[in-house]
Amino acid sequence: MQIVKDNQLIDNSWKYVADDAELVDGDITISLLRWEKDHQQLLAHEGKLGLRIAPNDSVDEMAANLKGIDLVELDFPDFADGRLFSHAWYLRSRFGYQGEIRATGHFMPDQVFYLSRVGVNAFAPEKVEYLPFVLTNLNDFTVEYQNSIN
Amino acid sequence: MYQYNDIDQTLVDERVAQFRRQTEQYLKGEISEDEFRALRLRNGLYVQIHAPMLRVAGPYGLFNATQFRKLAHIARTYDKNYCHFTTRQNVQFNWPKLEEVPDILAELATVQMHAIQTSGNCMRNTTSDHLAGVSIDEIEDPRPYCEIIRQWTTLHPEFDYLPRKFKMAVSGSVHDRAATQFHDIGLHLVKNDAGEVGFKVLVGGGLGRTPVIGQVIKPYLEKKHLLSYLEAILRIYNLFGRRDNKYKARIKILVKESGLAKFSALVENEWLHLRDSNELSDARINAIKAQFTPPAYINNADIDTSFIDQQQEHKAFATWVKFNTTAHKTAGYRAVFLSLKAPDVAPGDVTDFQLDAVADLADKYSFGEIRSTHRQNLILADVNQADLFTLWQQLVSLNLATPNIGTVTDMICCPGLDFCSLANAGSIGIAKEINEALDDIDYIHDIGDLKINMSGCMNGCAHQSVGHIGILGVDKKGTEWYQITLGGSSENDAAIGDRLGPAVAKDQITKAITTILDVYIKNRLNDEPFLTMVNRVGVTPFKEQVYADS
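Chains U and Z, in that order, give the protein sequences. Using the numbering used here, read the first sequence as starting at 1 and increasing by one per residue. Using the numbering used here, read the second sequence as starting at 1 and increasing by one per residue.
Hints in this document: simulated from the structure, not taken from any laboratory. Be a bit skeptical, because a hint or two may be false.
Derived Cβ-Cβ restraints for the label pairs, each shown as a range [what the hints assert, rightly or not]:
#, chain 1, residue 1, chain 2, residue 2, range
1, U, Tyr145, Z, Leu272, 18 to 26 Å
2, U, Leu23, Z, Tyr247, 41 to 49 Å
3, U, Leu23, Z, Glu24, 43 to 51 Å
Each residue gets a CB set at the ideal place from its N, CA and C atoms; glycine is no exception.
Turn these sequences into a full structure, and let the hints guide you.
Structural data, given as C-alpha cells:
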C-alpha cells in the first residue's frame, strides 16, 4: 500500500514484524519489547530498523533506544488517545530525532494537520481511500498560534 | 476589548472551511459517526434530545454590541428566537440544524467569534472575573492573560485529544469571582514580597461527579513563564492522565492518585526543560494589554448625583441600584447587572429581541461592550451613574431588571431534562416552581446573599456542589428525585456542600427549599448570611425541619 511521506504519495517499503513472528528480510519495524529482547540479532539485520511505539510505551525508554533507528511508527489503537502526539513532540524537540516519524493504525485523516505540527512526517492511514484526504487535510490551516515542530 | 488581526481572522475562517468540509464528508458517509462526533464536539456541536446544540465561545465572557446583534440574528434565522448563557460564560443555541451549522459558524466568524473547543476532550474556553478591569479590589486586569491563554489553547496541536476536558480560569482580584479553585488549572494574579505581580497556580480542582478543591502547585510564577508552565502541566496530564475510565480521567484524579508532591515533581522536571525556550516577552504582554485599555471615561462623572435623588423618589429604582449594580474603580461609574433570572424565564435564556436591545443599550451607555457572568447574567460594566435611571427604565421594559442579583432567585440552572440528553431530572421547571413560591421580593431581599445552584444530573453543569444550597437531580427507578446539599461555595472560602439527607421527591423539592429558608430566617444571628449560619450550625437544624413530616 502507498503512504504519504513529506507531502508525497510513495510506495511503502517497510514491514512490521509482530513480537511472536519470525524476522523477515528488508526494512522492518519491531516493538520496543522485541528491540530490547533480540537486540544483538537485530543489530545484524541487513535491512533498516524501525520502532513501533504504542501510547503506553514510556517516553524515556523510547529515547534510550533511538540509536540505529530510521523510522518511528506511532501506532494509534484509537484516534482519541492523544499520548502519541506528545511522543512525537518529544522525539523531535527533546531527543533531536531526525528520522521518519510515521502515524499508523487508527488515526483520523482529520488529525494529520496536528500530527504534522508535532513532527510526524509520514502517514499510513487505515484505508487506502483516505490517502487523498491526508494530502488535502495537511493544508487545513495556513496560520497557527503555537510554535511548530515541522 | 481584543480585536482580531489577520492571523486570528484567517484561523477562524479556515476553521469554518474545515468544519464545512468535515460536515459534507460526514453527510456523504466518508467520515464515520464516531469520528465525526469527536470533530463536531471540537466545534461546539452536541447532539441533544430534540436537536443538535451549538455552544459558541464567549472568550472570558467578553462581547461587543456587534457580536450581540449577530447572536440575535442567528437566534432568529437558525433557531427559535432565543439563546442561553452558560456557567462558562458561553452561549448556547438549542435548535440549530446540523447542515446549517457551518453557515452559523461562518456568520460568527464575520464578527470575530467561533465555537472552537467549546466541547470535547480538549482545552476549553478560559473563564475569568466578570468584573475584570473595573473592580475595586483588582490587583491586575486578568483579561490580557486570558487572551494570551485563548490563543495558546486554540488549535494546540499536541493537546487536542486529552484524557478528558480541561478548563482554566484566571482571577485578578482579591475576591475570587471566577471559581478558580474549582478548575483544572486556576490562576490568581498575586503580588510577591518584592511587589511584582505574577501567578499563583492551582491545579486539580473541579466539579462534576467528584468535586475537588484545587491545590496550589506554584505559589508564585513569573509572568514570562506562564505558557511554559501551562505546557508542562498539560504534557504531564496528556501522558499520565487516566484513559481507562472517563469518570476518572480528569486531572483532579491524576493529582489525587499520584499525590500533589509527585505530580508537581513531574511538572517541575518537564518545566525545567521548557522554561527558557518559551518565554512570554514583555513586548508580547504589553501588546495584548494595549487592547484592554480603559474606555474614555468622563472626568468628574461623580459630580452628577441626580441618581441619588431618583432613588429617593423611586423605591424600585433604589432596590435595583442596590442589588443589580456594583461599585466601579472609576468614580461616578457603576457596573450594571442585567438579570437573566426573571421569574417566568428559564435561567440564562435571552431572546433575539433582548439581544438586539442590549446591544443598543451597550452602545449608548457602556462603550459598546457586554459581559456574561458565570452565574448566567449579563453586565454592562461601565455605566455613568447619571445614566442609571434611564437605563433602568429601559431594562424594566425589557424584563432584564429583576432586582435579584446574588439572591435566592438568581439561581444557576442547567438545561436539565428539558433539553439535555445526559440529564436525569428536570431543572428549569423546578427553578420556575421555586420562583413562584418566592413571589415576595421583600422576603427575597431579606434573605440576602444566597446562591442556589441546580443541576439535572451528576455531571454538575450548574455547579450544585458549590451552591450555598445545591440541588442535584437524580433518577430513581424512572422518577425524578432531588438531593440537597448545604454550605458549598466557589469563592475564596471554597467548600463543597454537605448532603442534607435522602433525596426528596419532585413534588417536595420546592417545599424543602422554602423550609430551609424559613429555618435560616428564624435562626440567623443579626445580619448573619446564610452561608455563615450553615457553617456555624451545620446541616442538622435544617435537616430536622425538612424531613420532619416524612
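Hint check:
| no. | hint | verdict |
| --- | --- | --- |
| 1 | Tyr145(U) with Leu272(Z): 18 to 26 Å | holds, 24 Å |
| 2 | Leu23(U) with Tyr247(Z): 41 to 49 Å | holds, 43 Å |
| 3 | Leu23(U) with Glu24(Z): 43 to 51 Å | holds, 45 Å |
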